[in-house]
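> The lines below spell out each chain.
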Amino acid sequence: MIKCQYTCSIVKNQKMTSRLFCLSLKAPGFVQRVLPGQFVHVRVANGLKPFFRRPFSIFRAQKTVDILYDVVGLGTRILSEKKKGESIDCLGPLGISFRLPPPGTKQVVMIAGGVGVAPFLALTDVLKKEKYQLVLLYGARDKDHVFSLKEFRKNGCQVHIATDDGSHGVKGRVSALFSKINLKMPTYIYTCGPKPMIKCVQDLTRTQHLSGQASLEEVMACGVGVCLGCSIKTTKGFRTVCHDGPVFDLQEIIL
Amino acid sequence: MSMKLNVSIGHIQFQNPVTIASGTFGYISKYAKSADIQKLGAFIPKTITLAAREGNPSPRIVETASGMINAIGIENDGLDHFLAHKLPDLAKLKIPLIVSVSAYQHNDFETLVTRLSQEESVSLIELNLSCPNLKHARLIAQDPAATQEVVAALKKISAKPLIAKLSPNVTDIAAVAFAAQEAGADAVSLVNTFSAMAVDVHRRRPVLGNVTGGLSGPAIKPIALKMVYDVKKRVTIPIIAMGGIMTAEDALEFLIVGATMVAVGTANFVDPQTPLRVLQGIKAYMKQHRVSDIHDIIGSLRTS
Numbered sequence: 001m002i003k004c005q006y007t008c009s010i011v012k013n014q015k016m017t018s019r020l021f022c023l024s025l026k027a028p029g030f031v032q033r034v035l036p037g038q039f040v041h042v043r044v045a046n047g048l049k050p051f052f053r054r055p056f057s058i059f060r061a062q063k064t065v066d067i068l069y070d071v072v073g074l075g076t077r078i079l080s081e082k083k084k085g086e087s088i089d090c091l092g093p094l095g096i097s098f099r100l101p102p103p104g105t106k107q108v109v110m111i112a113g114g115v116g117v118a119p120f121l122a123l124t125d126v127l128k129k130e131k132y133q134l135v136l137l138y139g140a141r142d143k144d145h146v147f148s149l150k151e152f153r154k155n156g157c158q159v160h161i162a163t164d165d166g167s168h169g170v171k172g173r174v175s176a177l178f179s180k181i182n183l184k185m186p187t188y189i190y191t192c193g194p195k196p197m198i199k200c201v202q203d204l205t206r207t208q209h210l211s212g213q214a215s216l217e218e219v220m221a222c223g224v225g226v227c228l229g230c231s232i233k234t235t236k237g238f239r240t241v242c243h244d245g246p247v248f249d250l251q252e253i254i255l
Numbered sequence: 001m002s003m004k005l006n007v008s009i010g011h012i013q014f015q016n017p018v019t020i021a022s023g024t025f026g027y028i029s030k031y032a033k034s035a036d037i038q039k040l041g042a043f044i045p046k047t048i049t050l051a052a053r054e055g056n057p058s059p060r061i062v063e064t065a066s067g068m069i070n071a072i073g074i075e076n077d078g079l080d081h082f083l084a085h086k087l088p089d090l091a092k093l094k095i096p097l098i099v100s101v102s103a104y105q106h107n108d109f110e111t112l113v114t115r116l117s118q119e120e121s122v123s124l125i126e127l128n129l130s131c132p133n134l135k136h137a138r139l140i141a142q143d144p145a146a147t148q149e150v151v152a153a154l155k156k157i158s159a160k161p162l163i164a165k166l167s168p169n170v171t172d173i174a175a176v177a178f179a180a181q182e183a184g185a186d187a188v189s190l191v192n193t194f195s196a197m198a199v200d201v202h203r204r205r206p207v208l209g210n211v212t213g214g215l216s217g218p219a220i221k222p223i224a225l226k227m228v229y230d231v232k233k234r235v236t237i238p239i240i241a242m243g244g245i246m247t248a249e250d251a252l253e254f255l256i257v258g259a260t261m262v263a264v265g266t267a268n269f270v271d272p273q274t275p276l277r278v279l280q281g282i283k284a285y286m287k288q289h290r291v292s293d294i295h296d297i298i299g300s301l302r303t304s
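Sequences listed follow chains A and B, in order.
All letters in the first sequence, in the order written, are residues 1 to 255 by the numbering used here.
All letters in the second sequence, in the order written, are residues 1 to 304 by the numbering used here.
Wrong hints could be hidden among the right ones.
Using 30 angstroms as the maximum straight-line C-alpha spacing, the simulated DSSO-like pairs for lysine-lysine come out as follows [to be verified]:
hint : chain 1 : residue 1 : chain 2 : residue 2
1    : A       : K180      : A       : K199
2    : B       : K92       : B       : K155
3    : A       : K63       : B       : K33
4    : B       : K92       : A       : K3
5    : A       : K3        : B       : K283
6    : A       : K3        : B       : K30
7    : B       : K33       : A       : K3
8    : B       : K30       : A       : K195
9    : A       : K150      : A       : K131
10   : A       : K63       : B       : K30
11   : A       : K3        : B       : K39
12   : A       : K84       : A       : K12
13   : B       : K283      : A       : K49
14   : B       : K30       : A       : K233
15   : A       : K49       : B       : K226
16   : A       : K49       : B       : K30
17   : A       : K154      : A       : K12
18   : A       : K26       : B       : K33
19   : A       : K49       : B       : K33
20   : A       : K236      : B       : K86
Calculated directly from the structure, the hints in this document are not laboratory data.
Just so we're clear, the structure is a prediction, and the values are computed from it rather than from any experiment.
Using the sequences plus the hints, can you model the full thing?
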């Protein structure tokens with residue numbers, strides 16, 4: 001009864017590291033509709049377990065719609081066992097996309113925590129056409145959560161990596177990387193990752209008077225803005241992550 | 001074989017008995033396919049209140065075994081916004097519109113019913129007497145006398161048939177349904193969600209921002225079914241049944257125990273095609289069992 005429901009066939013379900021997978025989905029007319037920052041709402045099993053769909057940011061939208069996921073629970077474990085050729089029910093692309101940086105922006109800094117890096121590849125596919133200096137700050141738990149970021153580099157991104165245990169890149173939080181880069185003002189920020197990280201980015205950018213956008217994650221039921229289950233507090237009142245977001249103005253989110 | 005699926009409540013006719021539960025399809029989202037929605041018996045938008053309501057703090061939902069708990073808190077923009085911005089689109093649907101209302105201030109129900117009575121595009125009004133998410137010590141729907149009083153007062157001023165939506169969080173739901181019927185309700189709808197909660201054991205905190213919420217989904221279906229069965233024995237007015245319907249078989253169970261209509265709720269979040277699949281499945285069942293009129297299924301339970 002809704003316009004954006006697709007039965008997708010799985011083209012590939014590639015293991016990127018011991019923890020991260022990339023699932024490639026295909027359905028007629030699906031990939032053409034994707035804008036960077038949007039997500040898909042995936043029914044990982046046809047039965048009742050798990051009960052809800054699972055929302056995933058769109059990582060890549062070239063020939064297929066690709067999602068990047070970490071195996072963290074039942075839903076993602078079931079997803080990791082899917083084979084090429086199986087079909088899967090998806091709603092999407094859903095939500096609003098990233099907006100372009102304001103005119104005059106010289107530098108774009110993307111701050112990602114874990115699989116929060118996912119929406120930024122599609123974003124750099126668009127941003128590389130402009131003359132911004134692109135910087136990706138990627139923070140992960142350990143080296144098992146760090147995959148090849150060569151596509152980001154190919155899109156002209158400077159990549160800086162931090163891991164919590166120091167097993168790859170700098171030891172520490174992604175926020176520590178931020179203080180190490182040279183800002184080429186005017187700088188514009190995009191961020192996606194766990195809430196404590198977004199809060200930290202919000203504080204850092206507020207003191208430096210930088211603006212930007214954040215992509216948020218929430219438990220969702222409908223995914224299309226009708227159940228109001230994924231609402232978060234913003235300076236404009238409650239807003240749904242699925243329909244009013246997932247992309248919000250960085251400073252309007254109340255964490 | 002021609003098949004008769006149409007049912008009625010009061011003087012309102014529905015092309016078939018399948019509808020949706022309020023709050024599970026919004027006010028018709030931008031993603032909705034109206035052509036598909038018009039295949040249903042009726043459309044019920046999300047419950048509205050007289051004044052806008054902000055709703056409960058997040059998290060507002062949690063997945064549970066075969067279901068979910070929600071504590072949304074009737075977030076809505078209020079009656080004026082509904083009439084100005086939502087009703088014009090809803091009025092374009094070529095099926096009856098059942099507007100669900102709830103009240104948190106004295107006289108709000110009267111104002112809501114009076115004003116919605118003036119709207120030609122509104123076919124029926126559902127009184128949500130049973131929302132468990134708000135911090136009232138006792139809900140109207142938990143008290144037969146209060147139910148009777150509220151419904152009787154609204155019946156006097158309503159130009160539309162009234163449906164009383166009942167709470168399952170009572171000892172004897174049939175007594176509340178009977179009170180609604182005595183007060184002049186044209187139908188009852190049941191069940192709303194069951195009071196429930198979930199705890200995050202690592203943090204030792206409630207999962208929901210509101211602490212408690214309402215359980216829905218297939219987990220509640222057998223209990224909801226028994227409640228419809230009990231209510232059917234006490235009332236003669238039509239019953240709109242809901243509670244965990246995921247398949248046509250679920251819907252048929254409710255029809256067989258006596259529901260005139262069935263509403264698909266939580267299943268819309270899992271698969272928005274569910275109401276249409278349920279409708280198709282009911283048709284297939286009728287064909288298979290050579291039933292030409294849905295009324296030959298409604299209340300056809302054999303117990304001896």
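> Now look at each hint and say whether the structure bears it out.
Results of checking the hints against the structure:
no.	hint	verdict
1	K180/A to K199/A	19 angstroms, holds
2	K92/B to K155/B	27 angstroms, holds
3	K63/A to K33/B	27 angstroms, holds
4	K92/B to K3/A	18 angstroms, holds
5	K3/A to K283/B	24 angstroms, holds
6	K3/A to K30/B	9 angstroms, holds
7	K33/B to K3/A	6 angstroms, holds
8	K30/B to K195/A	29 angstroms, holds
9	K150/A to K131/A	20 angstroms, holds
10	K63/A to K30/B	26 angstroms, holds
11	K3/A to K39/B	15 angstroms, holds
12	K84/A to K12/A	5 angstroms, holds
13	K283/B to K49/A	28 angstroms, holds
14	K30/B to K233/A	23 angstroms, holds
15	K49/A to K226/B	25 angstroms, holds
16	K49/A to K30/B	29 angstroms, holds
17	K154/A to K12/A	22 angstroms, holds
18	K26/A to K33/B	22 angstroms, holds
19	K49/A to K33/B	28 angstroms, holds
20	K236/A to K86/B	21 angstroms, holds
This entry satisfies every hint, going by the numbered hints stated previously.
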